[in-house]
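> Given only the sequences and the hints, what does the whole structure look like? Please build it.
Which chain is which? The protein sequence lines are A, B and C, in order.
Under the UniProt record's numbering, think of the first position of the first sequence as 1, with each following residue one higher.
Under the UniProt record's numbering, think of the first position of the second sequence as 1, with each following residue one higher.
Under the UniProt record's numbering, think of the first position of the third sequence as 1, with each following residue one higher.
Since the hints were made in silico from the structure, they are not lab data.
Positions of the beta carbon are idealized from the N, C-alpha and C atoms, including for glycine.
These stretches of chain C come out as covered by chain A in the derived footprint (C-beta under 8 Å, 3 or more residues):
1. 2-16
2. 67-78
Here are the simulated lysine-lysine pairs, BS3-like style, with alpha carbons at most 27 Å apart:
3. K53(A) to K53(C)
4. K53(B) to K53(A)
5. K187(C) to K86(B)
6. K23(B) to K86(B)
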Amino acid sequence: MKLYTKTGDGGQTGLYGADRVSKAHIRVEAYGTVDELNSAVGLARAHNGRSHKPHAALDADLEYLQNALFDVGADLATRSGTPYAKNVSRIDEQDVAFIEAMIDRYAEGVPPIRNFIHPAGTLTAAALHVARAVARRAEREVIRLLHEEEANAQVQVYLNRVSDLLFAMARAANQVAGLQEEEWAVKGRR
Amino acid sequence: MKLYTKTGDGGQTGLYGADRVSKAHIRVEAYGTVDELNSAVGLARAHNGRSHKPHAALDADLEYLQNALFDVGADLATRSGTPYAKNVSRIDEQDVAFIEAMIDRYAEGVPPIRNFIHPAGTLTAAALHVARAVARRAEREVIRLLHEEEANAQVQVYLNRVSDLLFAMARAANQVAGLQEEEWAVKGRR
Amino acid sequence: MKLYTKTGDGGQTGLYGADRVSKAHIRVEAYGTVDELNSAVGLARAHNGRSHKPHAALDADLEYLQNALFDVGADLATRSGTPYAKNVSRIDEQDVAFIEAMIDRYAEGVPPIRNFIHPAGTLTAAALHVARAVARRAEREVIRLLHEEEANAQVQVYLNRVSDLLFAMARAANQVAGLQEEEWAVKGRR
Ligand code: B12
Ligand code: B12
Ligand code: B12
Ligand SMILES: C[C@H]1O[C@@H](n2cnc3c(N)ncnc32)[C@H](O)[C@@H]1O
Ligand SMILES: C[C@H]1O[C@@H](n2cnc3c(N)ncnc32)[C@H](O)[C@@H]1O
Ligand SMILES: C[C@H]1O[C@@H](n2cnc3c(N)ncnc32)[C@H](O)[C@@H]1O
Ligand SMILES: [Mg+2]
Ligand SMILES: [Mg+2]
Ligand SMILES: [Mg+2]
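Here you go:
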């Protein structure tokens, strides 16, 4: 089977199950953005792997996240009540609780935030900040989807926590590297 | 001539030819996203160039792609029937066929896919996956443009194949580096 | 205070001041995209810091830019006339002039452009081009906001100049590294 099936050349594509929709449909935008997020996470992992001192726990947690983002993608790609819906494991409160515990673990090692910090530092930290911002874009697209048709609201909550997790991970990555955080120096005060 | 011409400060900008439109116009969104894609391809090229074992054929193919993405940008920036349209070489079936041959060449070296693979691996592979996801975003914007006004439908098909090409290239980059692909471990199975 | 406050789990969020809006609101899209831009700038800084010959002036200018992008974010997050508006320093003509002087400084060291150049080269240059394209996306979102409700028009102008600045910086980064620029070879001429 070739990668390019040409079935989408008219601008329509298939969801998981029988439905066909425009590739411009907000549902496709939502899981397409989650795919972009997954790729941004992969770039952060690659930077961690090539750093002076790769952080093994971070790699494992990001691998977990990459798997989970495919669960998120499958959830978004599958309308409830359609034939294949039974194959899909929906994102639920337990997934959210799992990621909150992970946030707490990363956040506990770094000082409380008093001000915005520059999304910068090591390559791993900076790439995690990029992923964080893409996670927030994905959350916004999911909210647009929820405004338009039925979908799983836990996916929005989950993506929100993913962005908090990536923030906490970025701070941890800089701390492990011994880098000082730069705080926002508001205009007028610089 | 200064870089900043200030002619766009009112929020309108020029297409190629005489027309002026809002910078929020879907046509500008479409070629602006192709510009973002071209930049993502450039980052992947830079990573390849700095890797332990730069892949010369990959660099040449990505250079081809960067040129082609400017052809795509010019195509999108030029409404048919306007004065400068005759200067522009439109994307056509031959361009699509050319890129399909390239996909086949990269795909042939790697095992068939049975499951989604993590967009990860070497820095080059991970950056190619980011570009892949941006190509898909660009495809979606072009479809929105096609829903709204006349444009070249081959551009959508071309961008679709670009995302398949970048996928095949990412897999090849990991294979050359001797990296094992990670497959999606579906929830409930982890 | 935990990172995740759960107050946004219903899909609404707070602006700076009392107003609550949908996270899908164009105002949130605008400052969310500026956050993505700030992160892209952070990645370029990280690449510069890890290059063979880090460019100290570039790092300082990008640090300035990261601060300024938080000023931009605060400006966008704060509706005029709301209770906290008095705390915010708005982007003004002087900020624009400041960045124009910076553009001139970077542009003066490189030959005038005669054709589009590939967004590529060193890792720093390529990452600056990615940031440039994201700045242009942010500009487009701000224009959408301006089409829909009152906001500070100088923010659009400022973001426009930011993209020109990042272009000039990318060219300078390649020049310092002794890299030759690749020009667009138009279809038909390759
Ligand atoms: C939604 C979707 C996407 C979305 C979201 C997917 C997600 N989960 O996050 C995104 C945007 C990520 C995506 C990307 C791509 N996709 Co897609 N995608 C689909 C679609 C519509 C549904 C997939 C899905 O999520 N199913 C839900 C899950 C639960 O069901 P399932 O896939 O059957 O999963 C079961 C099996 O995978 C099995 N399983 C699990 N592990 C394993 C392991 C082995 C060894 C085996 C045998 C089985 C197995 O168990 C799972 C649960 O029951 C399918 C088409 C279709 N209608 O099925 C195309 C499809 C799979 N995609 C396709 C392609 C080409 C791609 C891309 C390469 C496109 C590109 N150029 O970027 C990428 C690849 C990304 C990657 N990293 O691998 C093609 C594959 C064609 C081919 N040659 O095989 C398909 C068939 C569409 C098509 N007709 O063109 N895709
Ligand atoms: C559409 C457009 C874009 C789009 C898409 C372009 C594409 N093809 O992908 C995108 C978003 C990429 C873009 C980006 C930028 N753009 Co622009 N763009 C345009 C626009 C409107 C049309 C360009 C085009 O594609 N023309 C179609 C082609 C076929 O025509 P052409 O450009 O005349 O090409 C011919 C010549 O280039 C010639 N040629 C080819 N090779 C060579 C080589 C040499 C040596 C020579 C002499 C000629 C030559 O042959 C071509 C075919 O006939 C022009 C303004 C205009 N109306 O012309 C601005 C314009 C060229 N852009 C401009 C700017 C500033 C930029 C950016 C720097 C903005 C930024 N901050 O990011 C970047 C630069 C990107 C880069 N990598 O170099 C300015 C340049 C100002 C200046 N000082 O020269 C212009 C003039 C707009 C303006 N008035 O402000 N742009
Ligand atoms: C808009 C906004 C954003 C926007 C834009 C902000 C910008 N300026 O660019 C963006 C999208 C960037 C953003 C991102 C994040 N945000 Co936010 N954000 C806000 C919001 C709504 C307003 C912030 C703002 O810009 N205020 C305008 C400025 C002028 O006012 P100010 O913040 O009071 O600034 C004054 C003080 O900071 C003080 N100050 C300056 N420097 C210093 C230094 C010290 C030491 C002290 C004590 C004070 C101080 O002087 C400033 C001027 O008077 C607040 C909630 C709120 N309503 O206040 C949340 C808020 C601050 N954000 C929050 C969070 C969690 C985040 C993120 C971590 C989310 C994520 N997962 O990505 C990131 C962090 C980004 C980073 N790099 O640090 C939480 C923080 C919760 C907590 N535990 O403290 C808040 C409180 C919202 C909430 N209730 O959940 N945010
Ligand atoms: C930290 C601040 O970011 C804003 N906010 C909340 N969710 C998102 C999102 N998905 N994207 C962008 N901004 C968001 C709110 O204003 C919040 O208070
Ligand atoms: C692999 C799957 O990705 C979806 N799909 C097809 N085209 C796009 C695009 N441009 N962006 C996001 N998703 C897309 C379809 O559901 C397809 O089956
Ligand atoms: C260089 C060219 O890019 C287009 N242009 C101007 N502003 C933007 C933007 N924010 N995003 C994308 N394209 C833009 C115009 O067509 C301009 O002439
Ligand atoms: Mg396809
Ligand atoms: Mg301009
Ligand atoms: Mg929150």
